Amino acid sequence: MRMTLAALADLLAGKLEGDGTLVIGGVAPLDDAHPGDITFLAGQKQVARLAASGATAVLAPPDVWVDRPAIRVENPALGFMRLLEHFYPAPPPTWGIDPRAVLAPDVVLGARVYIGPYAVLCRGVRLGEDVTIHPGTYVGEACEIGDGSTLYANVSLYPRVHLGRQVIIHSGAVIGADGFGFHPMPDGSYRKIPQVGRVVIGDAVEIGANTCIDRATVGDTVIEAGVKLDNLVQVGHNSRVGKHTVLAGQAGLAGSVYVGAHVRMGGQVGVADHTTIGTNASIAAQAGVMTDVEAGAAVYGSPALPGPVAKRQHVYSLRLGELFQQVKQLQKRLDALQAQE
Amino acid sequence: MRMTLAALADLLAGKLEGDGTLVIGGVAPLDDAHPGDITFLAGQKQVARLAASGATAVLAPPDVWVDRPAIRVENPALGFMRLLEHFYPAPPPTWGIDPRAVLAPDVVLGARVYIGPYAVLCRGVRLGEDVTIHPGTYVGEACEIGDGSTLYANVSLYPRVHLGRQVIIHSGAVIGADGFGFHPMPDGSYRKIPQVGRVVIGDAVEIGANTCIDRATVGDTVIEAGVKLDNLVQVGHNSRVGKHTVLAGQAGLAGSVYVGAHVRMGGQVGVADHTTIGTNASIAAQAGVMTDVEAGAAVYGSPALPGPVAKRQHVYSLRLGELFQQVKQLQKRLDALQAQE
Amino acid sequence: MRMTLAALADLLAGKLEGDGTLVIGGVAPLDDAHPGDITFLAGQKQVARLAASGATAVLAPPDVWVDRPAIRVENPALGFMRLLEHFYPAPPPTWGIDPRAVLAPDVVLGARVYIGPYAVLCRGVRLGEDVTIHPGTYVGEACEIGDGSTLYANVSLYPRVHLGRQVIIHSGAVIGADGFGFHPMPDGSYRKIPQVGRVVIGDAVEIGANTCIDRATVGDTVIEAGVKLDNLVQVGHNSRVGKHTVLAGQAGLAGSVYVGAHVRMGGQVGVADHTTIGTNASIAAQAGVMTDVEAGAAVYGSPALPGPVAKRQHVYSLRLGELFQQVKQLQKRLDALQAQE
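Residue numbers (my numbering), protein chains in the order written: chain A, 1 to 341; chain B, 1 to 341; chain C, 1 to 341.
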C-alpha cells in the first residue's frame with residue numbers, strides 16, 4: 001500500500017506540515033524506520049532519536065518542533081496504531097470446518113465459524129458466530145465460546161470453560177486445568193481435593209501464549225471483560241481478575257486472589273493466596289505481594305511495599321556504607337573525648 | 001444431588017447439631033455459599049466470615065460456636081473434601097481407542113485404556129491398565145505409563161519417559177525434553193552436550209499445566225512418589241524431587257538439584273544448580289536458594305536466608321530511616337558537646 | 001557398546017594411565033558412575049567425590065592425582081561430551097511424510113524431510129533439507145525453516161516466522177504470537193495495537209520447551225545465531241538477543257530489550273522494556289534489570305546492581321543488627337558523658 005502524506009493527514013484528521021505529495025509506503029517506530037516510512041514522536045524527549053531516524057515523515061504532537069514533514073495529531077501513538085491498521089489490514093478470516101476436525105454430534109455452531117484440522121470439540125460444546133479455532137486445539141465437554149472469539153493452534157480448554165465474545169487465546173494456553181489443591185494426610189502424603197468449579201472469561205479478554213488459568217475448586221475462577229494477560233501467566237483457582245486489568249509476562253496469582261479493575265501488574269509479579277488488590281493499583285515488575293494492596297496504591301519489591309516506602313528503603317540501603325562509616329567515626333570521636341577527660 | 005443434613009452427618013460420621021431434615025443441594029466455600037449449600041469452618045478465625053455466608057449449614061470443629069445448623073467433625077477441611085467427592089463425583093471414565101489415534105504396531109496396552117483422537121503413541125510404548133490419554137497428546141518411543149494414569153490433552157512425552165501408577169499430567173506439560181547443557185567452545189559458541197538420560201516419575205505424582213521436566217544428561221531426572229507440581233514449574237536435568245514434596249506455580253529447579261521428601265516450595269521459587277534441600281524444609285514464595293538448605297529449615301528471600309534471620313533483616317531494613325536519624329542526632333549531640341568544651 | 005580403555009584413549013587422543021585392556025561399557029558423571037563406567041574429573045576440587053565414585057576409569061586433567069586408571073586430556077568435560085556422543089549416538093533420522101500430516105498445496109520441501117502425523121503446514125511454508133517436524137506441530141503461513149532444523153511435538157509457529165539452519169525447537173514452544181501491545185482508551189479499556197512484524201531466528205539456535213517468543217509490532221524480533229534459550233523463557237516483541245547468548249529457565253525479556261552477544265542470564269531473570277544489555281555481560285539468577293547494563297558487567301539482585309555493589313549491600317544488610325547495637329551503645333555512652341558533666 002502506498003499513500004500520499006496529504007491522504008494520510010486526511011485519514012487521521014491531522015494537520016499536514018510540509019510536502020503533501022510525498023509517498024508513504026510503510027509505518028515503523030523511530031529506530032526501525034527507513035525512507036518511505038512514516039514514524040511517530042510521542043513527545044519532546046524523543047526529538048534526538050527522530051534526528052537519527054530514516055523516516056520520511058512523522059506523526060507528532062502539536063507543540064514539538066520536528067525536522068521533517070509531519071502530520072500533527074493530539075495523540076501520535078493512537079494515530080500510529082490507526083496507520084498500522086490501515087497499512088497492514090488483518091487478512092479476511094476463512095470460514096469452514098476442516099474434515100479432519102472432530103466435532104461431537106451435539107456441538108452447536110453459530111454462523112461463520114472456522115475449525116481447523118485436528119481440532120477436537122467434545123460433547124455439548126457451543127460456539128457463537130464468527131468463531132475461529134485453529135488446528136490442534138482441544139475444546140472439552142460443554143465449553144461455550146462467544147461470538148468473534150479466536151483460539152490459536154494447540155490451545156487446551158478443559159470441560160465447562162465459558163468464554164465471552166471477542167476473546168483471543170494464544171497457542172499453548174491451558175484454561176480450566178485442576179486447581180492446585182491437596183489435603184495433607186496423617187502419613188505425610190497429599191490427597192487431591194476435587195476441583196469441580198469452572199473458569200469464566202469475559203468479553204474482549206486476550207490470553208497470552210502458554211498462560212494457565214485453573215478452574216475453581218467450587219464456584220468460578222473469573223477473568224472479567226477487557227483483561228489482558230501476557231504469556232506464561234499463572235492464575236490460580238478461585239481467583240478473580242477485574243475489568244481492564246493487565247498482567248505482564250510470567251506474573252502469577254496464587255489461589256483465591258482478588259484483583260480489582262484497571263490494575264497494572266508488571267512481569268514476574270507474584271501474589272500470595274487470599275490477597276486482595278484494589279482498583280487501579282499498580283504492582284511493579286518482580287514484586288511479591290503478600291498482603292492486601294489498597295486501591296490506587298503503587299507497590300514495589302518483595303515483600304511488596306508502597307512506592308514511597310520502597311524507594312526510601314532502596315535509597316537507605318544504597319547509603320548503608322556511608323552509615324557504617326559515620327558510626328565508626330562517632331565511636332572514634334567519643335573515644336577521643338573520653339580519653340581527653 | 002440432594003441430601004438431608006442428617007444423612008450427610010451419617011456420611012461423615014459427624015455429630016448433627018440443629019434441624020436434620022434440612023435439604024442440602026451443594027457444597028461451597030464460606031464466601032461463595034448460597035442457601036441450600038453446606039460450607040465449612042476451619043477454625044475460630046473464620047467465624048466473622050461465616051456470619052456473612054449464605055450457607056444453610058456448616059461443617060465445624062467441635063469447639064467453635066456457630067450461628068446455624070452444623071455437622072461437628074474433627075477435621076472440617078477433610079470433611080469438605082469428602083462432600084465434594086460425594087456431590088460432584090468424577091464422571092465414569094470412557095474406554096476405547098479412537099480410530100484417529102496413531103499407535104505404533106508394537107505398542108502394548110493394558111486392560112481398559114482410552115486413547116483420544118490425534119494422540120500419537122510411538123514404537124515401544126507400554127501402557128498399564130485404566131490409562132487415559134486425551135486428544136493431541138504425544139508419547140515418544142519406549143515410554144512406559146503405569147496403571148490408572150491420566151494424560152490430558154496436548155501433553156508431550158519425549159522418548160523413554162517412565163511414569164508410575166496413578167500419575168496425572170495436565171495439558172501442555174513437556175516431560176523429557178533435553179537438559180540445558182552446552183559446552184563453551186574457544187570461539188565463544190556453545191556445543192550441545194548429548195542428553196541421553198531419562199525422566200522417571202513415581203506413583204501418584206501430579207504435574208501441572210505447561211510444566212517442564214528435562215531428561216538427565218546421563219542417568220535419571222527423578223520425581224518420587226506423591227510429588228505435586230503446580231503449573232509452569234521447571235525441573236532441570238538430573239534433579240531429584242523427594243516423596244510428597246510440593247512445588248507451587250512457576251517454581252524452578254536448575255540442574256542437579258536434590259530436594260528431599262516432604263518439602264514445601266512456594267510460587268516462583270528458584271533453586272540454583274547442585275543445591276541440596278533437606279527433608280521437610282519450607283521455601284517461601286519467590287525465594288532464591290543459592291546454597292544448601294538444612295532439613296526442617298524455613299527460608300525466605302533472595303538470596304534465601306533462614307526464617308529468623310530473614311525476618312530480622314526485614315525489620316531492620318524497615319527501621320533504617322530511624323537509624324539514619326539517630327546517627328544524625330548523635331553527631332549533633334557530639335558536636336554540641338565538643339563546642340561546649 | 002563396549003570398548004577398551006586403550007581404544008578410548010586413542011579416540012580422545014589422550015594419554016593412557018593404567019591397564020589399557022579394561023573394558024568400558026558406559027559413561028556417567030562422578031556420583032552416578034558404576035563399575036564398567038568411565039567418568040570425568042573437572043579438577044582438583046572433585047578428587048574427594050572421585051574416591052566415592054564407582055567408576056572403573058576416569059578422564060582427568062594432566063596435573064591432578066587420581067586413584068584409578070585414567071585417560072589424561074586437557075579438557076575432561078569436552079572429552080566426556082565426546083564419549084557421550086560416541087557411546088550414545090543419536091538414532092538415525094527417519095525421513096518421509098506421514099499421510100496424516102496436512103500440507104498446503106504450495107508448501108516447498110527440501111530433500112530428506114520428516115513430517116509426523118497431525119503436523120500442519122500452512123500455505124507458503126518452505127522447508128530446507130534434513131528438516132524434522134514431529135507430530136502435532138503447527139507451522140503457520142509463509143514460515144521458513146532452514147536446513148537441518150528440528151521441531152519437536154506440539155510446537156506452534158505463527159505465520160511468517162523465519163528459522164535459520166540447525167535450529168532446535170522443543171515441545172510446546174510458541175514462536176510469533178502477538179506482542180503484548182495495547183493502547184489505553186479514554187474509557188479505561190485497552191485497544192489492541194496490530195502486531196504485524198516477524199520473528200527471525202538465526203542458525204544453531206536452541207529454544208526450550210514451552211518458551212515464548214513474540215512477533216514484533218512492526219519490524220522483527222530477532223534471536224541471533226547460536227543463542228540458547230532454556231524452558232519457559234519469555235521474549236517480548238521487538239527484542240533482539242545477540243549471538244551465542246544464553247538465557248536460563250523462566251527468564252523474561254519485556255519488549256524492545258537489546259541483549260548483546262555472549263551474555264549469560266541466570267534463571268528467572270527479568271529485564272524491563274527498552275533496556276540494553278552489553279556484550280558479554282552476566283546477569284545473576286532472579287536479578288531484575290531495570291536500567292542498561294554495560295558490556296562485561298556482572299549484575300545481581302532486584303533492582304540489579306553491579307556485582308561489587310550488590311555484594312557490599314548484601315554484607316551490609318547482614319551486619320545491620322550489629323549497627324543497631326553500636327548506635328544504641330553510642331547513645332548510652334553519650335548519655336553517660338553528658339550526665340557526668
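Read the hints as simulated data drawn from the structure, not as lab findings. Bear in mind the structure is a predicted one, so any value in this text is a computation, not a measurement. Be aware that a few hints might be false.
It does not matter which identical chain is meant; a pair holds if it fits inside one copy or across any two.
[What the hints assert, rightly or not] When the alpha-carbon atoms are kept at most 16 Å apart in a straight line, the in silico EDC-like pairs for lysine to aspartate or glutamate are as follows: (1) 192 / 85; (2) 15 / 273; (3) 15 / 63; (4) 192 / 130; (5) 192 / 203; (6) 243 / 85; (7) 243 / 187; (8) 45 / 67; (9) 243 / 203; (10) 243 / 224.
> Can you list which hints this structure breaks, lowest number first?
Replying inline: Numbers 2, 4 and 6 - these are the hints that the structure violates, sorted from lowest upward.
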